[in-house]
Amino acid sequence: MVFSRLFFIYIFLPLCLLCYAVARGTKAKNTVLIIFSLVFYAWGEPVYIFLMLITAVVNYTAGLLIGKYQGQKGDTAATVSAVVYDLLMLGVFKYSGFIVENINALFSSSIPVPNIRLPIGISFYTFQTISYIIDCHWEKVKPQKSFKNFLLFLTLFPQLVAGPIVRYSTIEKEIEERTITLSDVSYGLNRVALGLGKKVLLANQLSIIADSFLGNIGSSTMLGAWYGVIAYGLQIYFDFSGYSDIAIGLGRVFGFHFDENFKHPFICKDITEFWQRWHISLSTFFRDYVLYIPIFGKRRKYGGLFLVWLCTGIWHGASWNFIIWGLYYGIFIFIEMKIGKKNMKKIPVVIRHIYSKFVIFVGFGIFYFEKLDKLGTFFKTAFGFGKNGFIAVQDKISLMNNMYLVIVAVICCFPIISSIKKVSDKHFVTKATVTSAAAIASALILIVTSVMLVDATTNPFLYFRF
Amino acid sequence: MNTNEIIPRLNEVFRDVFGDSSISVTASTTADDIEDWDSIEHINLIGAVESEFGMRFKMREVSGMKNVGEMINIIAERGK
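Protein chains in written order, with my numbering: chain F, 1 to 466; chain Y, 1 to 80.
What the hints contain is simulated information worked out from the structure, not anything from laboratory work. None of the values given here were measured: they were computed from a predicted structure. Watch out, some of these pointers could steer you wrong.
What the hints assert, rightly or not - DSS-like cross-link-like pairs, simulated, lysine-lysine; straight-line CA separation at most 25 Å:
id	chain 1	residue 1	chain 2	residue 2
1	F	Lys301	Y	Lys58
2	F	Lys73	F	Lys142
3	Y	Lys58	F	Lys140
4	F	Lys263	F	Lys341
5	F	Lys341	Y	Lys66
6	Y	Lys58	F	Lys298
7	F	Lys27	F	Lys145
8	Y	Lys66	F	Lys301
9	Y	Lys58	F	Lys73
10	Y	Lys80	F	Lys298
11	F	Lys27	F	Lys173
12	F	Lys142	Y	Lys80
13	F	Lys387	F	Lys374
14	Y	Lys66	F	Lys263
15	F	Lys269	F	Lys298
16	F	Lys338	F	Lys269
17	F	Lys298	Y	Lys66
18	F	Lys140	Y	Lys66
19	F	Lys173	Y	Lys80
20	Y	Lys58	F	Lys142
21	F	Lys426	Y	Lys58
This is chain F alone, in the form it adopts within the complex (with noise of 0.2 Å):
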């Protein structure tokens, strides 16, 4: 189910509320949210929720047992069998159909390749239980008894199929036991329309322009190469931040507090702190359990770099791009480490944002075309190579046409609502009006955004493939 469709707004979480609230106790709480999660899922994954389950019971099953074993074989045994299972299942249902490939074209043989349809959130949910394993191993969590609360923590659906990637330890104890006042609702709710306000208001506006210059990139102009990439940027971020708001909005109301995943990242300076504001579930995650791998020696700073982003590249689809996109960031954060931060903060401010951006953006342009043909196109095109030309007539009308949909999208990107709270909170008279203009802009967007769904077809997010 896609949270960006009228039906999930207005029935089935509706509907879950309304369980919730009517349930006596957080058993009864948890029991409703686990019921609603399986829904939730089986409604676009029917087959593939079996494949989910038996995830679970793989993973709470090794966790029992490297509690029972702590310290002695069984834990180490238990851990690496959940961790192999983990990523065998992830490699055979998003990669095998690439290695197989791949392996063609290596050794010119005709191996079938695989059809396998990837089931939606398995990247996600893997890079959960993964955490939750070795965060069990390493004794930063208790292993959880209770199979209903563990699976709870794997399936609750704000976060299921898209991430953040929300780690045992952060909801722990809200599992347990949490409190939800009336603020956490209010804050809940108008993050969720923040978020849908940005999917369905920027991202899926932005995705026509990225669509029509990107996706016939043979015919665009070097300026209309830029435009789409741009767009294809914005709507990316909008996208997937505006996902995480709705999941952080959704967890909010049922108690759960998880980390932020986004935070502005590009107002970033250089690469290394874009990466500190992008995706940062996924950073971290690759930070605690693959960048001090103790497998490199003397060379593990260059080593578990050079992993971090091979990892990055891999984990974002079976294809050559990502992987190439995953590197191309390693590189300029390895030259960033070089430069060392001392002279990176000797660079002016201007250039240093110029330099950030452009990575940036070209790295949108790798991350487009997973057809690498098209990809060196792209780069043709951008850097004036391509048959094209500068600027053509549609260059013009489209960017007339959506002036105020960059203009707004470009102003969106500034963390504008936290530099508004922190001015209104200091007096309880804007404070008091701050919070009710959001209540009604929330209620504004809720209004536009379902009026938009009406007709709306279909509206994936983009991380639904991942």
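Use these hints to put chain Y onto chain F, whose structure you have.
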């Protein structure tokens, strides 16, 4: 080794790694207190601390350290 012996030596390592002679670490110092202390610098720091105290950290320790206090405890146990 006790904490009083460790802190001055550790402080030197921090000053050296972060190139800042004004750093003065305590058990409660965290990565938030030192501007440049991010995940990459963390590897540099761990490497420098390891060679200063002639010991190795385990991955779970490198990854899970919440503050300098935890680092000191590990050094007190295994450092030279």
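(message) Can you confirm whether the C-alpha distance between Y:Lys66 and F:Lys301 stays at or below 25 Å?
(response) holds (20 Å)
(request) Please work out if F:Lys27 and F:Lys173 have their alpha carbons no farther apart than 25 Å. (result) Between F:Lys27 and F:Lys173 the Cα gap is close to 13 Å, so the pair holds against 25 Å.
(message) Between the alpha carbons of F:Lys298 and Y:Lys66, is the straight-line distance 25 Å or under?
(response) holds (24 Å)
(message) Hinted pair, alpha-carbon criterion (25 Å max): F:Lys341, Y:Lys66. Please report holds or violated.
(response) The given pair, whose Cα atoms are some 22 Å apart, holds under the 25 Å limit.
(message) Between the alpha carbons of F:Lys301 and Y:Lys58, is the straight-line distance 25 Å or under?
(response) Answer holds: F:Lys301 to Y:Lys58 is near 15 Å, not above 25 Å.
(request) Quickly compare the C-alpha distance for F:Lys173 and Y:Lys80 to 25 Å and report which way the hint goes. (result) Answer violated: F:Lys173 to Y:Lys80 is near 39 Å, above 25 Å.
(request) Given the hint that F:Lys142 pairs with Y:Lys80, test it: the Cα-Cα distance must not exceed 25 Å. (result) Since the Cα atoms of F:Lys142 and Y:Lys80 sit roughly 32 Å apart, the hinted pair is violated (cutoff 25 Å).
(message) Does F:Lys142 sit within 25 Å of F:Lys73, going by the straight-line distance between their CA atoms?
(response) Roughly 18 Å between the alpha carbons, so the hint for F:Lys73 and F:Lys142 holds.
(message) Next pair to validate is F:Lys426 with Y:Lys58; report whether the Cα-Cα distance is within 25 Å.
(response) Violated: F:Lys426 and Y:Lys58 sit about 46 Å apart, past 25 Å.
(message) Need the status of pair Y:Lys58, F:Lys140: alpha-carbon distance at most 25 Å?
(response) holds (14 Å)
(request) Quickly compare the C-alpha distance for F:Lys338 and F:Lys269 to 25 Å and report which way the hint goes. (result) Satisfied, since the Cα-Cα distance of roughly 16 Å is no more than 25 Å.
(message) Holds or violated: Y:Lys58 and F:Lys142, Cα atoms, limit 25 Å.
(response) holds (20 Å)
Hints 12, 15, 19, 21 from the list above are not met by this structure, while the remaining hints are.
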